[in-house]
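K.L.:
Residue-level listing of the chains:
There are 4 protein chains.
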Amino acid sequence: MIVVMRSNATEEELNAVLTRIQEHGLKGRVTYGEERNIVGVIGAAIPPTLREELERFPGVQEAVRITRPYKLAAREFHPHDTIVQVGDLVIGGGSFIVIAGPCAVESEEQIMTTAFAVREAGAHMLRGGAFKPRSSPYTFRGLGEEGLRLLAQARAETGLPIVTEVMTPTDVELVARYADVLQIGARNMQNFQLLEEVGRSGKPALLKRGMSATIEEWLLSAEYIIAQGNPNVILCERGIRTFETATRNTMDLNAVALAKRRSHLPVIADPSHGTGKWYLAPPLALASLAAGADGVMLEVHPDPDRATSDGGQSLTCENFAALMPQMTALANVLGRRDARWRR
Amino acid sequence: MIVVMRSNATEEELNAVLTRIQEHGLKGRVTYGEERNIVGVIGAAIPPTLREELERFPGVQEAVRITRPYKLAAREFHPHDTIVQVGDLVIGGGSFIVIAGPCAVESEEQIMTTAFAVREAGAHMLRGGAFKPRSSPYTFRGLGEEGLRLLAQARAETGLPIVTEVMTPTDVELVARYADVLQIGARNMQNFQLLEEVGRSGKPALLKRGMSATIEEWLLSAEYIIAQGNPNVILCERGIRTFETATRNTMDLNAVALAKRRSHLPVIADPSHGTGKWYLAPPLALASLAAGADGVMLEVHPDPDRATSDGGQSLTCENFAALMPQMTALANVLGRRDARWRR
Amino acid sequence: MIVVMRSNATEEELNAVLTRIQEHGLKGRVTYGEERNIVGVIGAAIPPTLREELERFPGVQEAVRITRPYKLAAREFHPHDTIVQVGDLVIGGGSFIVIAGPCAVESEEQIMTTAFAVREAGAHMLRGGAFKPRSSPYTFRGLGEEGLRLLAQARAETGLPIVTEVMTPTDVELVARYADVLQIGARNMQNFQLLEEVGRSGKPALLKRGMSATIEEWLLSAEYIIAQGNPNVILCERGIRTFETATRNTMDLNAVALAKRRSHLPVIADPSHGTGKWYLAPPLALASLAAGADGVMLEVHPDPDRATSDGGQSLTCENFAALMPQMTALANVLGRRDARWRR
Amino acid sequence: MIVVMRSNATEEELNAVLTRIQEHGLKGRVTYGEERNIVGVIGAAIPPTLREELERFPGVQEAVRITRPYKLAAREFHPHDTIVQVGDLVIGGGSFIVIAGPCAVESEEQIMTTAFAVREAGAHMLRGGAFKPRSSPYTFRGLGEEGLRLLAQARAETGLPIVTEVMTPTDVELVARYADVLQIGARNMQNFQLLEEVGRSGKPALLKRGMSATIEEWLLSAEYIIAQGNPNVILCERGIRTFETATRNTMDLNAVALAKRRSHLPVIADPSHGTGKWYLAPPLALASLAAGADGVMLEVHPDPDRATSDGGQSLTCENFAALMPQMTALANVLGRRDARWRR
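Residue numbers (the working numbering), protein chains in the order written: chain A, 1 to 343; chain B, 1 to 343; chain C, 1 to 343; chain D, 1 to 343.
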């Protein structure tokens with residue numbers, strides 16, 4: 001940490017800062033500048049609240065943190081790509097995975113039709129919501145455990161592993177009994193009890209970025225999961241909230257490229273939520289891949305205009321089947337391996 | 001709902017839309033325009049997903065919702081101010097309440113000192129966190145139940161009712177045993193199970209606006225609580241996330257004035273989180289009051305530069321004591337009653 | 001400036017940074033930390049591009065600027081409030097000014113009616129646009145010089161000084177012939193030729209904050225004007241663009257309070273544009289005053305529902321007359337002087 | 001336009017709305033709903049201010065515009081791609097163009113070295129700033145006309161057409177004498193006099209999206225240029241301002257895909273400004289192409305760590321040479337033609 005003194009700070013003010021730094025068992029080294037002085041804080045265990053603490057001192061202009069607040073998720077301390085294994089699939093490390101399925105599980109027929117269609121088209125994993133977070137209390141909120149059973153049945157019949165959302169800590173055990181990967185939704189990215197419970201479950205986690213979360217906060221939330229002994233975290237960019245209203249969210253592909261650089265975790269992208277429009281999902285799926293994403297997650301529904309939720313952003317099975325070969329061709333040019341390939 | 005057809009939509013496309021509207025038991029009335037036609041959808045029970053459904057139809061440019069999605073929280077259907085009673089205090093309906101206390105309960109001495117100081121200065125209610133949501137897993141996360149006990153002790157000794165945050169549905173019962181008002185934090189504004197559990201608790205709820213939540217989403221979250229039979233919801237603006245980084249958040253006082261107009265619920269403001277800087281809290285507290293807020297919530301700490309969290313935004317007891325008479329003078333000019341006054 | 005080295009930076013990488021710093025005639029002082037080293041850059045004339053330059057060096061994690069980039073606008077180097085004098089009026093330094101008038105000058109009758117009405121109600125200055133920036137080429141763009149003549153006539157008949165917008169450098173001379181204060185609109189906050197031309201005109205400038213400008217950028221734009229020898233700059237907060245769409249902009253009163261602290265320039269607020277709704281302008285005008293603004297600028301129109309622009313955010317003359325005594329009462333409680341009082 | 005009445009609006013209030021609509025020479029058709037009534041406004045020439053006008057009427061909840069405010073830039077009225085011809089190059093219509101060069105022209109040696117290097121690597125056009133908009137008055141602002149002369153010399157020696165920014169209406173004639181394409185920067189996207197002057201110049205325009213401009217506003221600014229009789233507008237996404245600070249801007253590739261759909265104009269992307277980091281520019285350049293961009297504009301500098309501006313986001317000539325074959329391979333897979341191919 002660096003403490004920047006004001007140009008008119010007195011010697012007593014500087015000394016008070018140095019004394020406080022020593023009280024924390026740290027060392028302060030002063031650099032005397034022409035316009036103002038700065039203090040470098042040295043020590044391995046700088047308390048997270050030190051910045052605010054020192055900024056209250058008279059004579060201090062600002063205190064600047066110089067290390068990233070996450071460690072376990074940081075590439076700096078773990079240079080090689082983490083590879084998350086789900087059954088036979090490898091996620092991360094140069095492969096490319098496609099996860100597809102409906103926003104919500106609605107019926108046996110709907111989920112089976114979709115599961116077979118997306119497998120046929122080449123998808124690697126099936127998604128589908130049994131528990132749905134909804135802004136309004138008056139909208140469909142999922143089939144609950146019945147939805148989980150239908151997902152498990154779809155897996156049994158198609159062989160596709162399943163990923164589904166868990167919304168509250170007490171449901172983790174239940175959802176983990178059915179799912180291969182536990183999804184933490186954007187609205188729950190900072191539901192810290194949920195993060196820890198998923199961490200303890202031992203199941204791979206798919207952690208969506210909160211719609212107004214910074215990349216740093218996203219990686220800190222991953223840190224919560226990893227800190228419970230679970231390194232199998234897949235990050236998922238799904239669009240952020242900005243001033244632009246022509247699209248539901250603003251897909252942040254800078255974040256995909258930067259998260260890949262700052263962290264060793266695999267990063268995938270969800271262009272269905274990221275755009276909110278089915279006709280924008282294909283170009284943004286291709287763009288995500290080109291930006292370096294380790295995979296994409298797409299909403300696919302056999303009859304989107306009768307879907308109980310998010311129909312406007314779902315691809316039909318036909319649209320999805322048309323998109324798959326484009327993604328594969330692009331992946332080949334980019335030198336990516338299919339997620340089913342052996343390492 | 002209004003369905004806007006494209007300028008080149010065919011008659012079959014228009015008829016397909018009308019047919020689908022009828023399948024939902026609704027009526028569609030066409031207005032034939034010079035450039036394009038529009039369809040008004042008539043009926044009491046328009047499904048929340050109808051908009052997305054119709055926007056997928058060929059020939060449809062867009063579908064526009066014309067009613068607000070919340071009812072119980074809407075002033076349109078409940079013109080008079082809701083007044084939330086907490087002990088002898090009345091919140092809403094022209095009164096003005098001041099809630100003060102530390103970000104986190106840290107020790108008996110800290111909370112007792114603060115409680116007596118803020119009561120002495122004129123505060124009506126005591127705040128303090130026992131369970132703290134923190135972005136990083138490496139920071140202080142509260143004393144838990146011990147913190148609740150200390151809050152209860154502070155209430156017993158000072159007579160001030162207490163408000164404290166509850167973070168997860170399974171803790172609602174525990175926290176409700178100690179607290180007078182249950183706070184739902186910004187990060188949990190869309191933790192729907194928590195909203196419902198707080199709704200069922202029967203305790204008044206203080207619902208903070210999520211840091212990237214629209215006013216409509218905020219009122220929908222209030223709707224979740226009220227729908228459980230609990231009308232005692234206090235809305236709290238605490239700053240939104242914008243591009244500006246000179247302040248921690250951007251206090252949105254437009255939202256205070258607009259929420260008062262769109263909803264009958266009391267609305268208070270939290271300038272400590274809204275600014276993130278102790279020296280900006282006083283002017284913004286006064287501004288909140290002038291904008292129509294029914295009260296303010298302020299962080300006060302006897303020794304902010306040694307606080308375990310958010311010290312940089314806490315007022316000292318002396319700063320708070322200096323601010324109270326300014327707020328009272330302003331409230332008088334604005335014709336507000338003290339929250340202790342009988343109705 | 002502080003240069004933070006990576007934890008694994010080599011000694012050669014550190015030396016390369018030090019060498020480059022010396023090439024600029026500056027000194028670099030290394031603080032050797034336990035996890036990483038940092039370099040403090042010392043010297044009076046640090047080039048503005050040094051930060052980017054050093055961040056490209058291998059082994060550098062980031063470079064952090066520790067001084068504010070503006071000087072002439074900074075309170076740090078000019079502790080006392082700047083007071084802008086316009087005729088008999090004083091703006092800044094504890095006074096409070098009310099500027100009122102229509103969005104655009106439309107006709108002699110309209111501007112005269114408004115001018116007399118706002119003077120009667122107590123306004124200090126008249127506003128009105130002769131040149132209007134409009135997003136669409138198909139909307140009314142002002143009367144041009146005829147509008148300026150009508151404003152001058154309104155000043156002659158009412159005695160109110162006038163403020164009006166200038167949109168392009170070549171118009172500065174023309175507008176300065178008529179106006180008492182030259183307004184630079186939000187869209188032109190970074191039209192640097194315009195800033196300099198207004199700086200050279202010698203007329204007081206009213207500088208609106210750009211709708212996505214940071215406070216720092218706003219003060220840098222003020223710096224452009226002052227650097228031409230014109231210290232008479234009035235800052236005007238008019239709402240920023242955020243994700244919230246229920247209001248036209250989000251009024252940022254944090255910025256009013258912070259700009260007052262960081263700069264010595266007077267700061268006023270424009271709640272008409274800041275909210276975009278006439279019924280939100282009064283509460284936000286009061287809030288601006290309470291937050292510390294040196295004045296407000298309000299849109300007033302004798303017949304807003306027939307206005308050629310921004311009618312939805314204009315107060316009627318009656319609404320404005322009802323608001324003035326509330327503002328005056330609040331200003332009294334806050335200890336503010338009327339802008340007409342002698343210093 | 002649709003006017004939505006309040007649920008409790010009276011018949012007089014409804015009639016007042018209908019009367020006003022008739023006064024404008026338009027027709028109003030009422031749809032009587034169960035909860036509220038709506039009025040469709042019919043007519044070819046709806047005034048742009050009608051929405052605000054009607055929203056002030058008692059009994060009106062809101063008025064909703066149902067047509068897009070731009071015509072000349074809209075694909076709805078011009079279904080085929082506009083192709084902008086610059087010398088032998090075709091931009092739009094399925095081709096892919098690469099524009100490269102330094103942020104600012106600094107010296108003959110710098111621009112010549114860069115021009116030859118980017119031509120050698122395969123770039124189609126040369127960029128370079130002679131007039132630079134800078135937030136701070138203390139930074140390098142370009143060589144002015146000398147910079148234009150150097151660009152012209154680079155064109156003469158390499159055969160690459162040149163694009164350069166023009167910042168103020170009075171400079172359009174000068175810059176148009178040297179440049180093949182006139183760039184309008186993000187800060188000037190709503191400098192309407194400049195848009196019109198560029199429109200009248202007859203030269204192709206490269207219109208950058210403002211950093212907080214909606215897609216609609218961007219297309220409206222294009223409308224200003226086209227309305228002067230100049231259809232040769234190239235749109236350029238260059239990142240928007242959001243809450244995320246880890247990157248300089250947030251590249252909005254949704255906007256690229258959506259602008260291609262809503263408008264017939266070519267759309268290119270600038271990942272150098274869109275990310276602000278040289279190491280993120282390559283993945284985002286590839287992503288832009290995959291999202292449907294008709295080209296990319298990249299900053300390339302022979303010695304970025306000594307650049308006078310934006311060095312941190314510039315590629316070296318070697319980095320650029322390494323990126324070109326990746327872009328070409330991707331373009332081939334996507335079925336794009338090189339911009340030099342004959343139509």
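Please keep in mind that the hints were generated in silico from the structure rather than gathered at the bench. If you're wondering where the values come from, they're calculated on a predicted model, not measured in any experiment. Hints are not guaranteed to be accurate.
No copy is singled out in the list; a pair is fine if it fits within one copy or between any two copies.
Unchecked claim - Computed cross-link-like contacts, SDA-like style, restricted to lysine to any residue with a CA-CA straight-line distance of at most 25 Å:
hint	residue 1	residue 2
1	K27	Q61
2	K27	D88
3	K277	A74
4	K27	S136
K.L.:
Next step is simple, just say for each hint if it's right about the structure.
P.N.:
Verification of the hints:
no. : hint        : result
1   : K27 to Q61  : both (19 Å within a copy, 22 Å between copies)
2   : K27 to D88  : neither (51 Å within a copy, 52 Å between copies)
3   : K277 to A74 : between (33 Å within a copy, 19 Å between copies)
4   : K27 to S136 : between (53 Å within a copy, 24 Å between copies)
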